[in-house]
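Kindly generate the complete structure, drawing on both the sequences and the hints.
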Amino acid sequence: MISELFKRVEFYLDARQNKEIFIYPGLNLGAEHSNVHTQAEATVFGFWVFLMSDAIIFGMAFATYATLLQGTAGSPGPRELYHLGPIFIETLLLLTSSFTFGMASIAMKYKHPTSHLVGWLLVTLVLGVIFLGMELDDFRTMFAAGGLPTQSGFLSGFFGLVPLHGLHVTAGCIWLVCMLGQIAVHGLDSETKLGLLRLALFWHFLDIVWIFIFSVVYLGGLA
Amino acid sequence: MPKSIMSVSVLQMHGCGSQQAVTLSVQCVALVLLSGCNSTEHLSFLNPQGPIATAQSEHFWLVVAILFILIALPVFIGTVWIAWRYRYGATKSKYVPRWKIFKPLEYFSWGIPITIVIFLSILVWEDTERFDPYRPLTSSTPATHVQVIGYDWKWLFVYPEQGIASVGMLAFPAGQPLTMELTSATVMQSFFIPALGSQIYAMGGMVTQLNLQADRPGRFLGENTMYSGDGFHQQKFAAVAMTQADFDAWVQQVRATGIPFDATALNAIAMQGTKAQLRTVLAPAAPAFDSNIYFTGAKANFFTDLVMSVMDDKPLPSTALAPAITKGQ
Amino acid sequence: MSWSTTLNHPLGLLDADSFPFLAMLGSDDSDIFINGLLGSFAAALVVISVMVVVALLTRYRAWRTLWFDWLTSADHKKIGIMYVVLALVMLVRAIAEAVLMRAQGAVGLDGGFLSSDHFAQLFSTHGTIMIFFMAMPFLTGLINYVVPLQIGARDVAFPILNSISLWLTVAGAALVMTSLVVGVFSTGGWFGYPPYTGTLYNPGVGVDYWIWSLTLASLGSTLTGINIAVTIYKKRAPGMKLYYMPLFTWTALCTAIMMIFAMPPLTVVTLQLALDRYLDFHFFTNGLGGNQMNFLNMFWLFGHPEVYILILPAFGVYSEIFSTFSGKVLFGYKSLVWATMSIAFLSFLVWLHHFFTMGQSGHINAVFGIASMLIGIPTGVKIYDWMWTMLRGRVRFSVPMIYSLAFIFLFVIGGITGIMLANPILDYQVHNTVFLVAHFHNMAVPGVLFGMLAGYTFWFPKAFGFRLDERWGRISAYCWIFGWMGAFFPLYILGLMGLPRRSVAYEQASYVPLEIVAFVGALLVAAALMALVIQLWVSIKHREENRVFVGDPWDGRSLEWATSAPPPEYNFPVVPSINDRDAFTAAKEFGVGYQEPDTYVNIEIPQNSAMGPVFGGTSFLLAFGLVWQIWWLVILTGLVTIGTLVVRGFQRDTLKIIPAETVCRAHRHWIQAARSAQPIKRSQEHTAANKGRAALETVEVST
Amino acid sequence: MSKPVTRIPATNALMTNKRRDFMSYVWGFGLALILTLVPFALVQWQATTRGSLLIIIAVLAMVQTVVHFRFFLHLGRKRKREDLLLVLFSTSLLIIMVAGTIWIMANLAERMTPI
Ligand code: HEA
Ligand code: HEA
Ligand code: CUA
Ligand SMILES: [Cu+2]
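So the protein lines, in turn, are chains A, B, C and D.
End of the first sequence sits at 223 in UniProt numbering; the numbers just go up one at a time, nothing left out.
End of the second sequence sits at 329 in UniProt numbering; the numbers just go up one at a time, nothing left out.
End of the third sequence sits at 703 in UniProt numbering; the numbers just go up one at a time, nothing left out.
End of the fourth sequence sits at 115 in UniProt numbering; the numbers just go up one at a time, nothing left out.
By construction, these hints were calculated from the structure, which means they are not laboratory data.
All C-beta atoms, glycine included, are put in the ideal place defined by N, C-alpha and C.
Hints may be right or wrong, so weigh each one.
FRET-style restraints, in silico, Cβ to Cβ [said to hold, decoys possible]:
(1) Gln277/B <-> Met134/A: 22 to 32 Å
(2) Leu279/C <-> Ala109/D: 23 to 33 Å
(3) Ala58/D <-> Phe650/C: 36 to 46 Å
(4) Phe102/B <-> Val520/C: 55 to 65 Å
(5) Leu279/C <-> Val129/A: 18 to 28 Å
(6) Val520/C <-> Thr280/B: 36 to 46 Å
(7) Phe76/B <-> Val520/C: 18 to 28 Å
(8) Ala58/D <-> His83/A: 18 to 28 Å
(9) Leu122/A <-> Val92/C: 33 to 43 Å
Covered by chain C, according to a simulated footprint, are these stretches of chain B (three or more residues, beta-carbon under 8 Å) [to be verified]:
(10) 55–66
(11) 108–119
(12) 169–180
(13) 305–313
Here it is, written out as structure tokens:
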């Protein structure tokens, strides 16, 4: 049985040997460039690996938050500081932005006019920026209610986690602007496509992190 | 008149000669090296002075024996033999450059370590719980209760039941359990008396526990093993096990001669500095019968109040200390 | 800090007192003076070395070559060599510190010549440098150099990223070196536990130096991990299944995976400590709900995998060497592969064994203790399989093999003490004593460094085209081995005698004899290093007669030996196609080792890029600004860093083309040399006759 | 599901692929919306006890994660198998690290609270 297991794993490990060439959804680099394809495979796979490494960073920030939950040290806790309303709207914003980025991917993959692609990207960008604005407003409200990170271990844990996601979204927005720039300068060449592809992965990944933030931090804190 | 502290320290014994017959010569050499027989202090668990250290010492030799005889020795002999027999230019042995797998050898390579690890795991599983430092030792006599507080760079021992405290000396009756609660008023430290048993961390705003026992009267090295700054290497103390009578006498002595455990004293203790430096600060008030510093009038709630004050980052409440008044209560 | 104060203090916290040299002059305390003198001497050495290097470069007009051929290069081989050079530079400092510490130990009865604070800086920088700026760059360099060659690739998956990783590491190392000249380093050891490292107890810049140099190093390593993993996963030559890969490549893969997943906890924990220090957060403070225990927890979530990150590539080197120098295929290849993977996975399950004594309950300790001992199983399998590899082989006792054999003996001892530490009941006794110091030096020196040294001797001819001097190599090896034994066996006993680690002085006279033995051992180690330098010197002098241009001086088995020494920039004129393990041995046996391809094609390789050095420079300044709180510098360099990334995103055509003719000419030249070279027997491999062509000797002999 | 996207798709295959990709995002969006709405509503109106609320939130979060991976990141058994393996491996390490941390720290907290 063990050896059967080993065989399975070997098979998976050698999946690369399968003659069938897989292409990432959202990617269409022109079939003739097999070189570009190999490099694209590596690039996108590398980005996946990076995301997984980043996931561990978030995991540790979550674990820290969990261990510091009890450490409010007499300053305001979740119930005094969290408000469900804005969080719900922020969640919808991010979710919608994931969808609009999906539409952008489709526009890119199936060679719709570039204007469609740019349009969807712009919508995504706007949603991201509104999200960031709302999040900053949340923090401002928290500060006003005495929820400063210098106040307690709990608040340190919070501000070590949620703004980390916010920073990622900020980076995503800057990247998006850069991609728009690249489209303007170079058109949709394979490098730009690859960039957009990775950005899409990044964007969807941040959405997944947000699921855990609203579940663990906000819903968990208010349940 | 109670015996003086000086006379107590004469009692400190020299355990090496009276040890159970040690036949293994290797062990003997090790013991001489390890126990520090030339000093009066017991340094090592390999010359154990209490039940925990004894168990650890036995455990140590068992593990050493298993690992060296079953693992190291065969590898050593095997490597030398193989490397020589199959050296370049050898003619007596067979050369099979494509020999890459032989199932029985593979089973051996996995099987031996697996077996040994299973055995060791059983050992660890059973004993770790048993020797949890939090677990009180069973004894017919009640335990002595001491509260230990780590400062930069000295340990403060508070005897809540006796109302006394000391820096540099942990005295307790031999033959009965010693129960300690530990915390730190500063950075993370690790409290350790090797000849008696386990070490454990002491951390600010938290309380850890440690249970030890000395079989017979004696003097043992005590220390902090977690680096904590400039005076770290001098953060030593003497753990001294005494007969009950000597211990009672010691308590009386401290009560009679100690300086009041008040805000002045505590401020001095809390300053960064070694025990010796503390003495120079408190010297005018401290009688010079040995190199340690003794206090009277320590309140039973001091320890908890201190932990809470560190935890909440607030000053110690005034009720934690006796007002600076009486001497020897 | 507000804008106005920033403008008032354009240099942040920096002032004349920040220079230990000036501070020393201003003091009349003799103790401060001696330690200041030592410190200034070290600082002067740094400054003078930098000046000498600059002068030499100018004198020989080497700036252009340096910049275009090396610093901006995206060639994995050059990057690999630069990593190793970095490791060696840092090594010199770390060894000097080690010898100082041992000297202090020898006279440390009630005093010694070092101040407590100076000693603390020594062990902190020594530990930090050895782990992050010596061992890590060394193994990263070896991996960088060897892995693409072994898998028949032209380069790593992301060459520019590779250069950036290198420069991030260099920036971190430069930051540590800067702390010698400007300010002080941390005294919190290589793991810097708070609250000791918090602002309350350590307000100065020392801890900040430690934080930012580690952050740079860990970012560099994460990126390296990604790069290597993807390279191995995606760039293998056609036909090379995972199970055909040489063992060194396997260990590199596992190490890379561990870097990817183990570095993040370190990044998180140092950044959280930075937040505590800079913005008054309460992650790890004593009070206000902070939790210092979580620092230990997260640090070791990184720290334990880290030690296997160090050892696995060394294991890979030993595997290659046992096989090559026994003239025999590896025994139990699949077992070795599975053992490597198990070690990598298990290493994520044992971190708690570094704080058995923190007070958690017995069953938790037992679980992690047993998990730690489990690692002994795959490690044992490796040891046994290496023994079986020699069995029925023909073992040559060359320098790499001497290291490997010494490794087996000493590593087993270190492993055994590891198993003892993994036993919570025993760890309660020896934790934080020098017994532990002996354990980890036992793993780090005979385990990791002997592997690196063996690999250095093994692959040096491949990288530079000539062999190292064998005699000085042996002298050095024996000095290492016996020096190490002298320096660290005594520490096991001292640890059992209750001597805590990191003690600048002690009160027990019974420690003295062993401390002296340890010092003598350390001197022997220093001699070993000297011998190594002499070896390099002698070898360079006699390089002409030791040339091995054909590229296969040791009768090698894997693909890196199938190309010239040094290899061309593109590694292989034609990407080889593989259908077995030990691909090059198979080729030689079939007599197709040195064949011309039917056609040559243009080869695309990445152009040089200034990205790496620019990144290194800005991130160094960024970190420096953070340490000294020079906010304008932080903002400026931060913007430049981001800007560089953005600009790079807009670049296209980053490849350059090597025309088929060039490739053809170079390749024919090499084939010509190979065909005209005399195939030599192994008994002659250390003679001038060895031009890098091996005679076929792998024929079964029996009596 | 249908075959993986191949290198040179026929025109009608292109159309079905496109439709399928589009539907993937639509499905993902719809499911995610539901999986978000439900826990928010439950918490907003404190529908059950804290204990069961927490469990429901956790389960729905897991499901939603799978939904995102499946429909937005296109991870699946029939697609890029190596990505799936990578994600599973990473998840297992993530769980070990996070669960281990919480286990250890909770135990320590319990044993160290001042009496
Ligand atoms: C890889 C890790 C590594 C290595 C190799 C070493 C090597 C040495 N170390 Fe180190 N040490 C640490 C990691 C390492 N150390 C760490 C992590 C600490 C803990 C710090 C802390 O407390 O926080 C420590 C602490 C430490 C202490 C403090 C102990 C204490 O706490 O009291 C001492 C004291 O003597 C010491 C001594 C030495 C000595 C004498 C060597 C010698 O063996 C030196 C050995 C020689 C070499 C290392 C050279 C190897 C040479 C090559 C590889 C050359 C290659 C050359 C060419 C290619 C040309 N070490
Ligand atoms: C390269 C580095 C390296 C390696 C490979 C190892 C390998 C091991 N280490 Fe070590 N370790 C360190 C570097 C390393 N360590 C460092 C740097 C520290 C301290 C950091 C600090 O505090 O500063 C440390 C600390 C450390 C501790 C913490 C102690 C303490 O703080 O109190 C423990 C406890 O379990 C431990 C255990 C082990 C074990 C079980 C192995 C095992 O992997 C060993 C396995 C090998 C063998 C067992 C030998 C060969 C096997 C056989 C021949 C087969 C048969 C064997 C059996 C069946 C057992 N190590
Ligand atoms: Cu230590 Cu809680
Ligand atoms: Cu470990």
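Verification of the supplied hints:
1. A hinted range of 22 to 32 Å for the beta carbons of Gln277/B and Met134/A is inconsistent with their spacing of about 57 Å.
2. The beta-carbon spacing between Leu279/C and Ala109/D, approximately 25 Å, falls within the hinted interval of 23 to 33 Å.
3. With their beta carbons about 44 Å apart, Ala58/D and Phe650/C fall inside the hinted range of 36 to 46 Å.
4. A C-beta distance of roughly 45 Å is found between Phe102/B and Val520/C, which places it outside the suggested range of 55 to 65 Å.
5. Under the hint 18 to 28 Å, the C-beta atoms of Leu279/C and Val129/A, about 25 Å apart, fit the expected range.
6. At about 38 Å, the CB distance of Val520/C to Thr280/B agrees with the hint of 36 to 46 Å.
7. Separated by about 25 Å at the C-beta atoms, Phe76/B and Val520/C satisfy the suggested range of 18 to 28 Å.
8. Checking the proposed 18 to 28 Å range against Ala58/D and His83/A shows it holds: the Cβ atoms sit about 22 Å from each other.
9. For Leu122/A and Val92/C, the hinted distance range of 33 to 43 Å is not satisfied, since their beta carbons lie about 56 Å from each other.
10. Residues of the segment 55–66 of chain B lying with their CB closer than 8 Å to a CB of chain C number 6, which satisfies the three-residue condition for coverage.
11. With 8 residues bearing a CB less than 8 Å from a CB of chain C, the segment 108–119 of chain B meets the requirement of three and the coverage assertion stands.
12. Three residues within the 8 Å Cβ limit are the bar, and the segment 169–180 of chain B against chain C gives 0, so the coverage statement is violated.
13. Residues of the segment 305–313 of chain B with a Cβ under 8 Å from some Cβ of chain C number 4, which satisfies the need for three, so the listed coverage holds.
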